[in-house]
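For the record, the sequence lines run as chains A and B.
6 is the number of the first residue of the first sequence in the numbering used here; add one for each residue after it.
30 is the number of the first residue of the second sequence in the numbering used here; add one for each residue after it.
The reader is advised that the hints may include incorrect statements.
As the list claims (entries may be wrong) - One-sided excerpt, in silico: chain A residues whose CB lies under 10 Å from chain B:
{"no.": "1", "residue": "Phe320"}
{"no.": "2", "residue": "Pro403"}
{"no.": "3", "residue": "Leu404"}
No lab work stands behind these hints: they were computed from the structure.
Backbone N, C-alpha and C define an ideal beta-carbon position, used for all residues, glycine too.
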Amino acid sequence: MKKLWLCLVVIGVVAASPALAEESEPETEPPGWERGIGSEFRFGSYGRVRAATDLTGGTARPVNIVSFGSRIDERSYAELEFQQRFFTAEDSPRFESGVVATLAFSDELFHYTGDFDSRMALRNLYATVGWHQPALDIGLWAGSRMYRGDDIYLLDFWPLDNLNTLGGGAHVGLDLPPGPLVVRIHGGVNRLSNPYQYQAVEVPGLQFGTEEVVTLDRQRFVLSGRAEQQLWLDDGGRRGLKAVLYGESQHLPEGSRLLDDGFVEEVLPSDSGWLFGGQFGFWEGGDGLFAGSFANAFARYASGLAAYGDLGVPFGVALDETAQGAGDLLIGLSATADTPWAGLTLGSYFRNFRTAREVESHEDYWESILAARVHGYVTDHIHPGAEVSYQVRRPMGPLPEAPSYERPQMQAPTVTKLSLIQAFSLEPRAYSRPQLRLIYSAAFLNESALQLYRPEDPRRDRPVQHYLGVMVEWWFNSASY
Amino acid sequence: MRRTLRFSALFLTALLALQLGCFNVPHTSAPELTTNVDDWRDEIIYQIVTDRFENGDPNLDYRVNTNSLTAWHGGDWQGIINRMDYLEELGVTAIWISPTFTVVEEDAGIAGYHGYWPQNFVQANPHFGDLPTLRRMVEEAHARDIKVIFDVIVNHIGQLFYYDINLNGQPDENVEGSGLVYDEYGGLRSEVIRTTEWDPDFDPRGIQSRTSLGESGPAPIIWTNMPELNRVPPMPEGFQNPEWYHRRGRVVTPWGWEIREMVETADFPGGLKAINTTLPEVRQEMIDIWAFWIEETNADGFRIDTVKHVEEDFWTEFAPAIRRRLAEQGKENFLMFGEIFDGRDDVIGRYTQPNSLDSAFYFSHKYQVFDDVFGRGGPTQNIENLYNARFANYGTTPQPNGITDSQGQGIPPTEALVNFIDNHDVARFLFEFETDALRAALFYLLTMDGIPCIYYGTEQDFDGGNDPANRENMWLNDGFNTEGETFRHVQRLTSLRRELAPLRRGSFDLRWTTPRTGSEQDAGIVAFERTYNGETVLVVVNAHPTNTSETSATSLGGGDMPVSFSPGTTLVDLYADSGDTFTVNSSGEINISVPARSGRILVAQ
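Hey, can you work out the whole structure from these sequences and the hints?
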């Protein structure tokens with residue numbers, strides 16, 4: 006039913022296109038044209054599909070012990086994006102509006118599982134309006150949206166701003182002499198289908214049977230603001246620097262829910278949190294020697310509820326059952342140095358996460374990863390490469406399994422991955438997509454990393470885990486990247 | 030571009046430096062073991078059912094239902110840390126907490142909140158916290174000079190396997206026969222036999238498999254696989270060896286309790302599978318496991334569960350090995366006292382003989398003195414009778430390397446019995462008896478010899494009946510009130526016990542007991558002197574429910590109570606606010622009157 010609804014939405018978006026409307030009623034000219042309104046339909050997509058074995062006859066699974074590990078062995082995922090834009094004919098000021106709908110599909114593909122089914126989510130469903138002038142750009146949006154900035158590609162991670170909310174926002178862009186300044190604000194809500202925010206219970210119906218009564222429904226309010234100032238180092242903005250300031254706050258009202266016995270009411274206290282961070286970046290575009298190169302450094306600190314993310318449910322809470330006292334410090338780096346002969350991509354972060362517990366436990370940790378991928382452009386289309394990554398997670402307390410009964414001291418879990426890649430793509434560029442890859446990767450786990458698997462998991466006995474497979478990745482026309 | 034590369038290199042160097050830093054996980058190293066006890070007789074133990082005492086960490090509230098006394102309530106080690114002030118204010122000096130290891134979550138709709146259903150002997154119970162929290166609890170207790178006693182189980186594991194009697198690979202409950210009598214065959218009955226493969230009746234040969242064709246040899250055991258209830262094979266892995274269990278089925282109650290073989294080798298009611306503690310490898314594993322808990326936490330003693338269900342010679346191997354291993358690491362004066370849940374004094378005392386345990390939970394005293402005398406108003410002569418039997422039934426010599434006094438002299442089990450009024454396995458005293466009877470019992474408990482043990486909530490007048498009603502939730506029942514009369518009574522007595530060394534370490538010389546329980550002059554009186562380093566305290570308690578009584582039998586043709594104090598000595602009552610005084614007469618006797626169900630603690634003025 007849900008899928009049908011989603012399909013109808015997509016069909017509805019497409020059907021709303023004046024071009025299609027024109028086809029269905031060719032004799033009637035859309036009224037908009039009379040007033041000089043144009044439209045454009047765009048299909049975009051991000052996707053990656055892989056077929057891989059772990060060389061023991063099973064599915065190769067990602068081997069990561071940090072929150073955002075190397076993506077060399079990540080699972081399949083795809084987004085299909087549909088955009089319809091409307092715009093006035095005048096160049097200045099020009100008014101635009103549009104609708105974006107993005108369907109996302111998770112790993113379980115029919116040709117692998119044999120199940121004529123998929124797990125999907127509507128990751129974007131929003132509309133925009135905007136006014137564009139040469140030196141001023143104003144826009145509004147409302148709906149359901151992924152809302153995020155720059156990523157660390159090798160880790161598939163958005164370290165600074167990455168929100169998923171129902172809400173709306175605005176942006177103002179100014180073309181200033183050093184480069185554009187863009188300020189964005191946003192407000193949204195979520196209400197997770199989780200007893201932390203939502204509970205519905207069955208009660209006796211008015212006459213027979215039962216009715217469902219919602220006993221807990223508390224929304225998380227998320228507000229964010231972002232300012233990005235670019236400093237162009239040439240006339241066209243092909244080279245430049247940028248600085249980003251980002252802030253976020255989250256608020257959750259008090260609520261109450263019934264415990265399992267259905268009689269005792271448990272009060273869930275109100276909670277809040279904030280996040281503040283910044284980014285400094287450099288890019289080199291155009292067609293110079295390092296065209297396509299860039300570097301972004303990130304730093305942020307989140308406190309309280311915000312330390313768990315906008316879709317997170319706090320764990321390791323304080324005695325008053327709030328997230329107050331939790332903290333998440335992160336510094337990260339994403340960089341690519343691209344030349345006509347070879348490309349080097351780096352991704353790394355260090356993160357120190359503390360729950361709200363007064364006392365540190367295994368749920369508190371610091372973690373870090375460094376990943377580097379290099380491709381040589383043997384020809385325009387054949388790009389052999391390699392990736393090396395090292396990740397470590399240091400919990401601040403031992404795992405509940407008594408490690409010291411068998412081992413005198415527990416080392417921090419680490420994973421080292423060495424990978425060989427044969428890539429094929431259209432251009433000798435680090436981010437030329439689609440890109441087809443043949444990958445062999447070996448992940449080396451230390452004893453502590455192996456202990457993270459439950460004893461029943463056969464991977465616990467595999468200090469070296471293999472990945473051999475083929476993967477293809479693409480993106481085009483996507484509003485989300 | 031070059032500048033950017035330089036910045037990137039700097040950044041990466043910083044990250045690498047962080048990544049290559051110290052990688053050992055903190056809190057994995059064990060604390061240094063220390064001896065924290067001068068003399069165990071100085072201590073006042075407070076028994077805590079961890080799940081019911083205080084909820085200090087809401088993150089551990091898994092499967093909690095405070096509406097049910099057989100469900101988890103959420104108490105934990107952090108909760109105990111949070112209530113250290115309360116314990117100090119009450120005046121207790123040692124805590125005995127519920128078993129620390131991981132247990133079966135639930136069996137037959139009843140949770141393992143009490144901690145006595147082992148699944149993993151070496152993993153901290155996640156409902157209570159993790160190992161670092163347990164260590165911190167011990168540290169916090171030691172910082173306040175409060176000792177910590179862990180609860181030990183070697184007798185059994187939880188309900189983790191069934192006997193596949195009919196060999197069909199699933200746990201069954203079979204009923205055979207109809208109970209009908211067939212008159213035409215001379216009144217032959219079709220006997221009804223009910224067999225549960227979870228808990229079959231004891232068979233000295235070991236549980237046998239059988240089908241309709243007859244027996245088929247020993248029944249295999251099948252491990253449960255219910256991860257949602259943590260009913261999975263036990264740990265450490267050695268316990269997954271079927272040979273490590275007696276596999277003889279459940280003790281047949283009630284008569285089975287009288288047969289020692291059954292007591293020691295049968296499964297405990299409720300399907301708790303008896304471990305074969307006769308095997309040397311099992312014994313060594315148990316020594317390793319229980320030494321591990323102390324080595325990891327620096328706790329100070331063991332209360333040992335179901336002692337009589339394990340063969341005696343196990344204890345004479347286990348106890349010396351534990352003492353030796355801990356002493357080598359710096360921990361001496363380590364108390365091990367056993368639970369021998371039995372009213373027979375000689376049975377209890379059996380486990381305090383040379384090379385065995387330091388002490389025992391004094392069940393016979395609970396029944397014959399606290400219940401019969403203080404609860405039911407029975408003759409105080411019971412006290413004297415039981416006291417006299419003590420030297421025949423219990424070990425009279427100190428255990429080698431066992432507990433000692435502050436001078437390093439060993440303390441024999443006869444002087445270190447753990448006295449209690451009630452505990453988690455019996456109905457609370459107030460369930461059956463009155464509050465003033467409890468206060469009189471507490472008066473005696475905290476002045477007699479040995480080591481007193483107070484069950485949590487006693488000071489709050491909890492009155493629950495048998496298990497689980499006697500395991501009330503403290504924090505939901507206003508359990509930390511420090512203004513209540515019983516709380517203040519205990520507080521006053523613990524204070525005096527700390528203040529007066531004879532009450533802790535002194536000899537125990539009975540001066541007066543009586544067979545009389547009616548309206549006689551001395552009915553209900555028990556009096557004793559306790560002397561230490563030349564200082565004597567005289568304690569007089571009246572267990573009579575209604576009458577003021579005296580340490581005198583003059584109305585019966587006798588005299589007053591002889592005491593060791595010199596004639597003319599005036600004794601003052603330290604317990605009573607009035608400071609009542611009494612004088613020893615020229616014959617060296619004294620007549621002290623005591624109101625019903627109260628007592629006096631007297632010292633020379």
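A quick look at each hint next to the structure:
| no. | hint | verdict |
| --- | --- | --- |
| 1 | Phe320 | 6 Å, holds |
| 2 | Pro403 | 5 Å, holds |
| 3 | Leu404 | 8 Å, holds |
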